[in-house]
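Student: So you can see what is in the structure, the chains are spelled out below.
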Amino acid sequence: MIPRAEKPFHFYTRLSLPLLTGIKVRNLRELAEHIKTAPESVIYQHTHRYLQQHQYLVPEPSNDFAYWVSSVLQDDELGDELRRAVVETIEAHLSRKGDLRQLPEGKEFHFMGTVRFSVPTRYQAYDLAEFADGLRRVSVSSLYLHIFEARLRPPLGLNDFSLWFDSELGEAALAKKVSSLDPYTQTLEGLRARIIGLVEKRLEVLRHA
Amino acid sequence: MHNIDAYRPIVGSDVIDEMFLLAKHLEGRSILNVNSTAVGGGVAEILNRMIPLCRDMGLNAQWEVIQGGEDFYAVTKKFHNALHGDPQTVTARDYEVYEETTEENLSRLNLDADVVFIHDPQPAALVRKRKMLRNSWLWRCHIDLSRRDPQVWDFLKPYVEMYDACVFSAPAFAQTLSIPQVLIAPSIDPLSDKNRELPPEEIETILQRLQIPTDKPLVTQVSRFDRLKDPLGVIQAFQKVKPYVEARLILVGGSADDDPEGARVLEEVREKAHADPDILVLCLPPTSHREINAIQRASTVIFQKSLREGFGLTVSEALWKGKPVIAGAVGGIPLQIAHKYSGILVHSVEGAAYWLKQLLHEPAYAKKLGENGRETVRQNFLITRHLRDYMLLFLSAGRLDETMIRL
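Chains as they are written, first to last, in our numbering: chain E, 1 to 209; chain Z, 1 to 407.
These are calculated hints, taken from the structure and not from any lab test. Keep in mind that this is a model prediction, so the values were computed, not measured. Even glycine gets a Cβ: it sits at the ideal position worked out from N, Cα and C. Please note that the accuracy of each hint is not assured.
Computed, partial: chain Z to chain E, Cβ under 7 angstroms [said to hold, decoys possible]:
| no. | residue |
| --- | --- |
| 1 | V15 |
| 2 | P171 |
| 3 | T176 |
| 4 | P180 |
| 5 | V182 |
| 6 | L183 |
| 7 | L392 |
| 8 | L400 |
| 9 | R406 |
Okay, derived cross-link-like pairs now, DSS-like style, lysine-lysine, Cα gap no bigger than 27 angstroms in a straight line [what the hints assert, rightly or not]:
| no. | chain 1 | residue 1 | chain 2 | residue 2 |
| --- | --- | --- | --- | --- |
| 10 | Z | K357 | Z | K368 |
| 11 | Z | K157 | Z | K129 |
| 12 | E | K7 | Z | K24 |
| 13 | Z | K157 | E | K24 |
| 14 | Z | K131 | Z | K216 |
| 15 | Z | K131 | Z | K157 |
| 16 | Z | K194 | Z | K368 |
| 17 | E | K107 | Z | K340 |
| 18 | E | K201 | E | K177 |
| 19 | Z | K131 | Z | K242 |
| 20 | Z | K367 | Z | K357 |
| 21 | Z | K131 | E | K107 |
| 22 | Z | K357 | Z | K242 |
| 23 | E | K107 | Z | K157 |
| 24 | E | K24 | Z | K368 |
| 25 | Z | K367 | Z | K216 |
| 26 | E | K176 | E | K201 |
| 27 | Z | K240 | Z | K272 |
Cβ pair distances, simulated, as ranges [claimed, not checked]:
| no. | chain 1 | residue 1 | chain 2 | residue 2 | range |
| --- | --- | --- | --- | --- | --- |
| 28 | Z | S13 | E | L206 | 46 to 52 angstroms |
| 29 | Z | E45 | E | K176 | 50 to 56 angstroms |
| 30 | Z | D259 | E | E189 | 41 to 47 angstroms |
Start from the sequences and build out the full structure, keeping to the hints where you can.
Tutor: Here is the structure:
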């Protein structure tokens with residue numbers, strides 16, 4: 001029998017609009033100084049929105065910020081941890097190499113912020129079949145929200161799908177399998193296909209049980 | 001004109017459904033666009049495509065055009081050039097003409113929409129009426145302000161700061177302002193003649209008509225004959241690699257009849273190309289959208305070796321055809337190309353030559369770049385993303401100080 005949840009899974013989507021701060025820097029020292037004082041929305045823009053914009057590239061551009069987010073930010077606020085990590089990296093480099101190359105006009109790094117939108121879609125699921133159907137229909141922005149951003153809010157490190165599989169359907173093994181997929185080494189479309197694959201495989205087992 | 005559903009096969013139904021989701025949240029709100037011309041120019045072209053799509057999605061989108069005499073348009077032409085960084089003599093009388101025309105339009109136009117969306121400097125001062133109407137006002141600047149003349153900007157800035165927010169096309173265009181500044185990149189329309197898919201037979205026919213031989217891989221730059229587009233640099237780069245590769249270079253541009261400097265550049269280009277049978281110089285009329293589409297689709301590598309650029313949407317047009325693009329790292333081009341992932345960014349003739357050789361010798365890598373480039377455009381530079389960002393902008397009017405807006 002296919003287990004049915006009491007509370008459905010609501011698919012939301014995450015959209016964002018970049019804000020220009022007018023702040024631009026031309027060397028590493030200035031970069032580190034501004035990262036120290038930048039609001040969280042700025043850090044978000046240069047890490048997560050960057051990732052969302054480039055998620056389809058194969059191979060993906062090297063993106064240390066995103067890796068910092070996944071490996072460092074499991075136990076603290078996004079802004080503070082990431083800020084410290086990036087500033088420390090730059091300052092260590094500066095003290096080693098004293099690299100203060102001044103870039104010419106037009107090559108500056110522009111600090112940007114983000115305003116984020118949380119939008120409910122019309123898709124919700126009470127069981128795994130409905131879940132697979134919903135996941136097929138939502139945009140990758142929804143997948144991004146439920147996989148990447150979910151890991152940054154409590155319960156930290158856990159994506160929304162795994163949380164719902166485990167707590168609402170008692171599907172702990174499926175939850176673990178989805179959780180162990182590394183979202184940083186594949187495109188969102190690839191990730192979507194793999195999650196749907198895992199859900200369908202589990203459905204097959206349940207249907208024949 | 002196409003309806004919004006025509007874009008489903010291109011961007012995916014999930015993306016279009018998401019846009020309808022946003023449109024639903026704008027139900028009952030009127031959006032009035034105001035600019036200075038109904039035809040001609042990039043802004044009118046965008047609005048002519050955008051407004052029908054907005055309406056197709058159920059938005060109450062209106063479009064008004066301000067009216068002015070020749071003297072007004074002479075002044076706003078000066079404004080335009082000055083803001084682009086070309087110094088102008090703007091007199092006190094010029095500013096008066098601008099103010100007077102604004103007054104005339106204020107008495108003529110009904111600006112009582114929920115959101116008033118003003119495009120470019122010509123109608124910017126209409127915002128004077130904002131206090132009385134108590135609605136949301138947004139200013140869309142399509143101009144590259146990175147080298148703006150301070151005098152004209154100082155005149156406009158107090159008006160700009162009366163808006164709820166303003167919108168720029170690239171981070172380098174941002175200003176120090178007391179209001180939020182939003183980044184919304186421009187876009188291309190994948191269904192326009194310039195960008196739509198073309199059957200191979202049509203491409204072949206067009207190439208035959210233009211007498212472009214296809215016996216060797218084509219390397220192309222499409223841009224007007226302007227020093228800032230560096231056509232001579234493209235020729236130099238091509239000639240550096242010629243001993244090592246089999247290829248033909250085509251430089252496609254306009255006739256430059258009404259542009260003395262352009263005519264000089266064209267002459268120099270022709271002179272340089274003259275002795276080399278593998279370099280073709282082609283002057284096409286401004287309406288040759290399908291021809292340019294066909295040439296790009298027949299190309300193996302596309303150049304946009306600009307030395308200075310506004311946003312440089314020609315790069316997105318080339319990327320959309322799935323071609324590897326070598327482009328100058330200037331203006332908005334680095335926003336469109338992630339170097340070595342979705343295209344190549346260069347800073348010199350030597351760099352351009354090095355990468356041209358690499359791409360011609362490594363077709364598998366060139367193919368991957370082209371695929372990534374097309375995907376970059378699909379995700380970030382098509383009209384559907386542009387429209388989605390506009391809807392987000394309208395939804396955020398007056399709320400841009402919030403980091404998270406829950407709809």
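Student: Each of the hints needs a verdict: does it hold here or not?
Tutor: Here is what the structure says about each hint:
1. V15: holds, 6 angstroms
2. P171: holds, 4 angstroms
3. T176: Constraint on T176(Z) satisfied, holds at 5 angstroms.
4. P180: At 6 angstroms from the nearest chain E Cβ, P180(Z) passes the 7 angstroms test, so the hint holds.
5. V182: holds, 6 angstroms
6. L183: holds, 4 angstroms
7. L392: Holds. Min distance 5 angstroms.
8. L400: Holds. Min distance 6 angstroms.
9. R406: Holds - the Cβ of R406(Z) comes within 7 angstroms of chain E, reaching about 5 angstroms at its closest.
10. K357(Z) / K368(Z): It holds: about 16 angstroms lies between the C-alpha atoms, which stays within 27 angstroms.
11. K157(Z) / K129(Z): holds, 16 angstroms
12. K7(E) / K24(Z): holds, 26 angstroms
13. K157(Z) / K24(E): Status holds; Cα separation ~20 angstroms.
14. K131(Z) / K216(Z): violated, 64 angstroms
15. K131(Z) / K157(Z): holds, 17 angstroms
16. K194(Z) / K368(Z): With a Cα-Cα distance of about 23 angstroms, the restraint between K194(Z) and K368(Z) holds, given a limit of 27 angstroms.
17. K107(E) / K340(Z): holds, 17 angstroms
18. K201(E) / K177(E): holds, 12 angstroms
19. K131(Z) / K242(Z): violated, 64 angstroms
20. K367(Z) / K357(Z): holds, 14 angstroms
21. K131(Z) / K107(E): With Cα atoms ~40 angstroms apart, K131(Z) and K107(E) exceed 27 angstroms; violated.
22. K357(Z) / K242(Z): Since the Cα atoms of K357(Z) and K242(Z) sit roughly 9 angstroms apart, the hinted pair holds (cutoff 27 angstroms).
23. K107(E) / K157(Z): holds, 25 angstroms
24. K24(E) / K368(Z): This hinted pair is violated, its Cα atoms lying about 32 angstroms apart.
25. K367(Z) / K216(Z): holds, 17 angstroms
26. K176(E) / K201(E): Holds. K176(E) to K201(E) sits at ~14 angstroms (cutoff 27 angstroms).
27. K240(Z) / K272(Z): OK: K240(Z) and K272(Z) at ~13 angstroms, within 27 angstroms.
28. S13(Z) / L206(E): 46 to 52 angstroms: violated, 29 angstroms
29. E45(Z) / K176(E): 50 to 56 angstroms: holds, 53 angstroms
30. D259(Z) / E189(E): 41 to 47 angstroms: holds, 46 angstroms
Hints 14, 19, 21, 24 and 28 from the list above are not met by this structure, while the remaining hints are.
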